[in-house]
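Each protein sequence line maps, in turn, to chains L and C.
Residue numbering for the first sequence follows our numbering, beginning at 1128 and increasing consecutively.
Residue numbering for the second sequence follows our numbering, beginning at 18 and increasing consecutively.
Hints should not be assumed to be uniformly reliable.
Heads up, simulated DSSO-like pairs for lysine-lysine below, C-alpha to C-alpha not over 30 Å straight-line [stated by the list, open to error]: (1) C:K167 with C:K144; (2) C:K45 with L:K1142; (3) L:K1185 with C:K685; (4) C:K595 with C:K685; (5) C:K475 with L:K1151; (6) C:K167 with L:K1185; (7) C:K266 with L:K1450; (8) L:K1226 with C:K167.
Which residues of chain C face chain L? A few of them, derived with a C-beta cut under 10 Å, are [stated by the list, open to error]: (9) Y74; (10) Y580; (11) S645; (12) I647.
Since the hints were derived computationally from the structure, they do not count as laboratory data.
Where a beta carbon is used, it is the ideal one built from N, C-alpha and C, also for glycine.
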Amino acid sequence: MIGALEKLLYVLTAKGSLTWANWKNVCEIVSQSSNFNGLSPSTALSVLDELAHVEVAKQNGNLKIFSSPACLVMLPQPGVRTAVLTGGRAPETLSVLEKNAKEVSCRIKVSEHSKGRPETPKVVYIEADEIADIRELSNRTDVNFNADPISWIISYCSGCIRDLEHSVKWIKGPEPSTEAMEFDFNKGYRGRVGLTNYEARLIQYFPRVSQPYWVLRHNNRYAQMDRSWGLYLGAHINDIDGIIWDRFHSQIGIPLSWGVPRPLGKALCMCSGKAPVILDSEYINAPKTYATKYSIYSKIPRNISELILYKLGQTGITIQIPKTA
Amino acid sequence: MTETDSNGYDYWNTLLFRDFFSKANESKRVYLYVTPERLSRLAERENAIDDFVREVYRGPGCTQGSLCENAYSVYRKWSSNRNGTPPYFAFLCLFSLAADHEGDWPAHAYYPRLWDLLKVDKEGTPKSFERMRILWSDLEKWSTVDTEEKYGIFRAQLAGKRVNVGLPIAQTILTEVERRNLKVIFYNADLEPGSEISGSRLLEAIMPFIGGSLRPRTVNRLKNRDRSDYTQELVEAIHHELIIWDGEKSEGSIGVGSQRLGLRLWLPALDDFGHLASRYVIKCIESIEIENLQLSTSINPSNAYSCEPSSSVYSMELIKTETRIPLDASKFDWSKKTEFKCSRTQTLVSCKGSPIRVFVGALDIAQKSGYIETYIVPRKGEFLVAAIGIHSILVDEWGSTCCEFWKEIPIQHGVPSGWRIFRSSGKRRFEEHSSKLFILPEKTRPRVAYRGGVRFNKGARFFRFGLPNLLVHSFSSEYLVSFNDSILTNSDESDLYEIPIELVRAENKIRVVTTDSEVSEALYVVDDNWGWRDRNALVFTDKYGEATSKESFGISGGCVVNYDIPPYEMDPLSVSEKPSCLMGAIPGQIIDMNRCKQIPDWQPVWVVERRRREVVFIYCGNSISDSSPILKNYEEYATSLKKWKSTLWNTRKRIKRPRSRKLRVLLKEYLNVAKIL
């Protein structure tokens, strides 16, 4: 049976792009046809984005979701060379790859879905003894290919909260009287403004006339910024460590309510090619302070883990998480 | 599209084809409206019509029969491999040209026009003309399925009841200019995009705005309203344009004040004791994000209203943004126009005033409780009617005499003052209705609409896992609907039918048959074979996830451009959780990971895991072909040479066989070296 997100991916690939309204509509239809209740459009988008199947951008202030080009992405694992198929696909994709893989000594392995996430699309791995074989497969099938692991590229080239702090436009001024909610780092959700006493405060404003927006306030100045980046910058200023790092199993856990900035979420996912597993904080003995649930990303090499934690201004709480991958 | 001869049939076929179907028309409706002026413009000479007619009548070189026989023969030869553009296109253009051929004939006469155009002294139906339906349907298939709407969407629709002649007539009933101008007419007439309203109500709304926008003969036909077949066809064509209208004032207009949305009344709660609530909801269209609308009325511009989208085509109720309190619709005068305007985009959201309002159950069509406004009394099922003044008396008269169950509900509050609410169910008659009751359905040809589903693009093509339901609009309650020749039934009294998945093919035929008319439509289902590879990235995002240009560092899914990074160094320990030791290609290169956690400065080739019953050699090198053992300079590692050998040789019987053949060969090389050391 085809999973809900697989169908969603088919639709997006066929159409090229979808507005947010269309996306939500298609989400509902595919979840009904897949007997999968509770497919949140936001979660669906986040999963497909982190798995490098889609790209998201704003056009004229409205969110639009685009199908990404089909691409074989190398995983940053030593040994047998492994790539994962990302981007757009059709039902025939797997058979096209399998047919051509035999001719170039590649092996196709399919994981029906990411562990514990039956709604996620099939994960298609391409294994080969040499990287040249995978390159040859990409040439034969007209699929893009990048020999450098994308997780390394993105984690190296992505933004950093330290740079963000200096590059963002800070404005001095008091707090406006606009309706707002403040993010409580310790509880992991929004609440009334003014209940916390953090040095840096992440606040979402709801103006009457325009779209809601996020602001980080620090030392009587404030800057409008993306929620995720603002959250980690605020956590860094407040010296709050929320991310857990299992060095032993090469896993990283992100508080579910925190999320992770888009490029880095993709860098984490593209270490294994699979969507993160969601686990209760009790199950993994994680501090319940920040979140009741964590997204666990697996097979994160040490150098990439260190780089991502640095970019997010986190040191990583050392905890051994039960192996998920 | 293929090259052609400079003259002759092929020349005209290609010339016309390129004019009607092009990349510029992607996902847009294409109507084959051929005129003498168009032919002259394309051929760049006056009176090209004579040449066109002569060449098409003669046919391509390989044909010898009558006009329609030639057309069918050309289609048959092409349809076996379907390469290139349909070569029968010029024939269809000729038939379309004939539909609008000027002369002294009744409006409904088609064949005399065709024979006159051909300059042939004959009468009646041309031989094999009925086979031309296949060609019209095939052109629809070509545009929808073969080319996936890339060059335009053609629909083989009928105008009127005549099955063969109705096809070319449908192409010419309105000109391209008229179809474009209808958008402006609908906009100015405050009509709701996609609304199902009666023909008379539609005409009443647009008549003040049609002068100068439609051709004089079109205006005259509408004004005379002689109820002839042709006028009926014209009204149906205009209604069809309203149904597919997206609310834009003109094609491609983006910006201030260029779009309109429909506003509807919603009665979320009504009981027999007269307790009623009334709200406003918006009928959504795809291109507008309604949650971004900031609405206000001209009467009270300081009050801002907004709404959230819901899972159906109707939004959640309008609320006052500041207080989040739902807007009470009973505070408005329902007999007058209610209009909101978005302060950001100037989009207008309105409903026309009306002294009579109809409501149907909101569960099926809007996934809401209560009742939602519609424009026509349904043929089946429960409905409510709200009316005021003399209209309430007329409605009551009709309902009492023509409806099986009819009851007035005394309302305490929830409607504007003076309005009465009636509830009805069971059977009802429409034939004896008063002409003032525009809420009653009129006798038109049945029609099929699609509800829900996931469309492939804008045409009648759906994904197999997202099939629509079929909604039949029919004046007569006695009809049969079939899907691929199997009769469809439904368990409730509605006109909504589910498509049985087991009957679905790539091309499907839907038919609705009443006692005096029949319509058929094609529905296409897509399973596979859409483009998914060798595609350019549509958008790139930067290092913070924001949209960026391709010239700088950019990410698009798994593709990354314009980056400069140091080479990636693999972490050999990431392949194993419990590495016992790391081994290199040179004998003696071995590190015990239980004692030293540091990665050595030589390139590891194997990570060795000692398990209870087996020893696993996990490959962690960069390239298998470059990882063969190196029998050079191993004196440097003399102190650990013995350990290197014993790790391989002493465990050889417990080594887990690698799955890859190349790795098995590589490991054998290492064992051979260990043996001879």
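Going down the list of hints, with the structure as the test:
no. : hint                : result
1   : C:K167 with C:K144  : violated, 34 Å
2   : C:K45 with L:K1142  : holds, 15 Å
3   : L:K1185 with C:K685 : violated, 56 Å
4   : C:K595 with C:K685  : holds, 23 Å
5   : C:K475 with L:K1151 : holds, 18 Å
6   : C:K167 with L:K1185 : holds, 25 Å
7   : C:K266 with L:K1450 : violated, 58 Å
8   : L:K1226 with C:K167 : holds, 29 Å
9   : Y74                 : violated, 41 Å
10  : Y580                : holds, 5 Å
11  : S645                : violated, 13 Å
12  : I647                : violated, 18 Å
In this structure, the earlier hints numbered 1, 3, 7, 9, 11 and 12 are contradicted, and the remaining ones agree with it.
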